[in-house]
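Participant: Could you slot chain R onto chain E? The hints should help.
These protein sequence lines are chains E and R, in that order. Note that the first sequence ends on residue 217 in the working numbering; no numbers are left out. Note that the second sequence ends on residue 589 in the working numbering; no numbers are left out.
Think of the hints as simulated: they come from the structure by calculation, not from any bench. Keep in mind that a hint or two might mislead.
Derived lysine-lysine pairs resembling BS3-like cross-links, with alpha carbons at most 30 Å apart [unchecked claim]:
1. K44(E) to K447(R)
2. K25(E) to K556(R)
3. K583(R) to K79(E)
4. K556(R) to K68(E)
5. K50(E) to K473(R)
6. K141(E) to K587(R)
A short, non-exhaustive set of chain E residues, derived as facing chain R with CB atoms under 8 Å [as the list claims (entries may be wrong)]:
7. E39
8. I49
9. S58
Derived Cβ-Cβ restraints for the label pairs, each shown as a range [as the list claims (entries may be wrong)]:
10. Y214(E) to K587(R): 35 to 41 Å
11. H171(E) to G490(R): 46 to 52 Å
12. F344(R) to P64(E): 53 to 59 Å
13. L363(R) to A118(E): 55 to 61 Å
14. Q144(E) to E449(R): 56 to 62 Å
15. R572(R) to N78(E): 22 to 28 Å
16. Y214(E) to Q384(R): 39 to 45 Å
Only a predicted model underlies this, so the values are computations on that prediction, with no experimental measurement involved. C-beta atoms are modelled at their ideal positions from N, C-alpha and C, and glycine is treated no differently.
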Amino acid sequence: MAASVRYLLKPWTPSVCFVRWSRYNPYYLDPDPSKDAVPESELSVEEKELQELKTVSPIKAALSSDTSSAFSDPLISKFINMMMQDGNKILARGIMTQTLETIKRRQVEKYHKSPAAKRDEVECNPYAIFHQALENCKPIIGLASVQKGGKFYQVPVPLTDNRRRFLAMKWLITECRDNKHRRTHMYEKLSQELLAAFTNEGNVVKRKHDLHKMAEANRAYAHYRWW
Amino acid sequence: MAASSCRGVRSILRKYGSCGKSLCVSRSKTAPQLPVRQICLSSSLWKKNLAAAGPQKFTQEFINKQVEEFEVGKRHLANMMGEDPETFTQEDIDRSIAYLFPSGLFDKRARPIMKHPEQIFPKQTAVQWDAEGRPFHFLFYTGKQSYYSLLHDLYEKILAIERHQDKMRSKGLFTSDTKQIMLTGSRWLLKEEMEEHLVENVSDQDYTRLIQLMEKLLSMPYCSLEEEFVLKFRRQLEVQSSKQEIPVIQYDPQGVAFSVSDGRRKSAKASITLRDSGSGNVTINGKNYLRHFPILQDREQLLFPLHFVGMLGRFDIEGSVEGSGHSAQAGALRLAISRALLSFVSEGQVEKMRQAGLLTADPRIKERKKPGQEGARRKFTWKKR
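With the rest of the complex left out, here is chain E (with noise of 0.2 Å):
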């Protein structure tokens, strides 16, 4: 009987009232728009335990921002989201699809300017670079806040992947939004910051750097972290 589709597929109350619940009941797997497959002998054994169970689960409904296009990615629709105020996501992908244009042009202006001998290196792929930026952007090691005697100290932290592509993203955010001139565009500003980014250089790098000397220098309450 409860096998069936459509017992799963009523709108579901969970018995215990979480905070945070979904519409969709706890064994809905979540749906994966890409198109093209992997083949079968390049699959680790988790993955090919997972293949079966999707073919035993009902899946969840595709976003309505994922496609199976190749101009689809998940980190520029994440960075989108958090951009995002008030539920435009129209302005917010907007702004992103002109930032990324302006980061070419900047790039084959560049390219164009330089001499034959460095052309290779002038990396054109605005999508390349925004993937690059990030992950010089991410930190490594963060701080917590750990209360010990009464007092509240400054402990380093290990920080999961996702943490990190989180704190990556608003410190961009944020710097664009605060420290830009007033009649400067957000999309200038943030691919001013991609661009420095990207070469290590800018606001957003440095705030990282920071953050890792705080971290160094806080070494000595590394123990008081009990997880």
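Facilitator: What follows is chain R alone, placed relative to chain E:
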């Protein structure tokens, strides 16, 4: 006062089910007089409080008699309908009853039914104590004897496996990569199914504890010793791709194949006609989709299913959509296009589309506002005084 205390005592005795004892307790006047011949009794198809039903209302002989009458009645029904009594299935019975007793009642549970007595009469607990009032099961006084005895057995098995492990270790034959139980195509019994199995009420915490113990059993290397015990609590999951409803391909007078389907998202309703031998034109509500959806993301969503199966320029899409906002309309159209595409696509592609999330109707809706809060999640401004 004496009368009220007598009533109180009676109610207490009734609650603890001591009707087996020879006390002068009058039976409640509301106990129904059971008719001798029952064909239709639909009340017990509802979820019942199994444990609180108390000791048996129907004796085993009564239920056996009902089963015999059901079998005889089934053969009579088959003869009446002119069909072979040997191969008369439950579906045939349902069909015949619906034909012979047509009912216009809206509630399906109120209509005449004829089912096997095991499905009609609820599973009951037998009387759990002997003539002297001494309970049979050693865990009776826990209140949930089947549940605790199940936990007890489970723990016994865990200990047995540990002893086996120690034995293997002492012999030097211990290996971690022993045969593991195949669990991929199955799921644990749900809480309701567990209640049915144990004929007792199981709370959420009890159920979680039981599943935790089962997982602990499964985490041990030699768990394959107890494979059949564990598999009793698993249900096979069916392969999902076989459940998709594929719309029928129709042909218009020119011989062009087309299929029609619907889709919904939030409160947007969409209807699509997918025509073969087209050139990739998309018309929504009579106008080009560029006019109806000025946003790029919505147009991407419309073409997503076609791009996924690689048939972008092959079809002409003609659609109508109403309700909700632009994003929900695009989502409704996408679902309708995916469903219409199923009739032009192979089985493997259907499964791939399902795993890409194209064939699931998105159940997300706007979360309701709660009383005492400003919105669905936002609370009122906290004021200290």
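Participant: None of the hints should be skipped; say for each whether it holds.
Facilitator: Hints, verified against the model:
With a CA separation close to 14 Å, the supplied pair K44(E) and K447(R) stays within the 30 Å bound. With a C-alpha separation of about 9 Å, the suggested pair K25(E) and K556(R) falls inside the 30 Å cut-off, and the hint holds. At roughly 25 Å between alpha-carbon atoms, K583(R) and K79(E) fall within 30 Å of each other, so this suggested pair holds. Taking the CA atoms of K556(R) and K68(E), the gap is about 25 Å. The hint holds against a cut of 30 Å.
The hinted pair formed by K50(E) and K473(R) meets the criterion: a straight-line CA distance of about 20 Å does not exceed 30 Å. Between K141(E) and K587(R) the CA atoms are separated by roughly 28 Å; this keeps the pair inside 30 Å, and the hint holds. Interface restraint check for E39(E): the shortest CB-CB distance to chain R comes to about 6 Å, inside 8 Å, so the restraint holds. A least Cβ separation of about 6 Å between I49(E) and chain R falls short of the 8 Å threshold, and the interface hint therefore holds.
Look at S58(E): its Cβ gets to within about 4 Å of chain R, closer than 8 Å, so that hint holds up. Evaluation of the 35 to 41 Å hint for Y214(E) and K587(R) yields a pass: the beta carbon distance comes to about 36 Å. Separation of H171(E) from G490(R) is about 48 Å and conforms to the stated range, judged on CB atoms against 46 to 52 Å. Between F344(R) and P64(E), the C-beta spacing of about 57 Å keeps the proposed range 53 to 59 Å intact.
In this structure, L363(R) and A118(E) meet the distance hint of 55 to 61 Å, their C-beta atoms being roughly 58 Å apart. In this structure, Q144(E) and E449(R) meet the distance hint of 56 to 62 Å, their C-beta atoms being roughly 59 Å apart. The given range of 22 to 28 Å is respected by R572(R) and N78(E), whose C-beta atoms sit roughly 23 Å from each other. Checked against the hint of 39 to 45 Å, the pair Y214(E) and Q384(R) passes, with Cβ atoms roughly 41 Å apart.
Hint compliance for this structure: no hint is broken.
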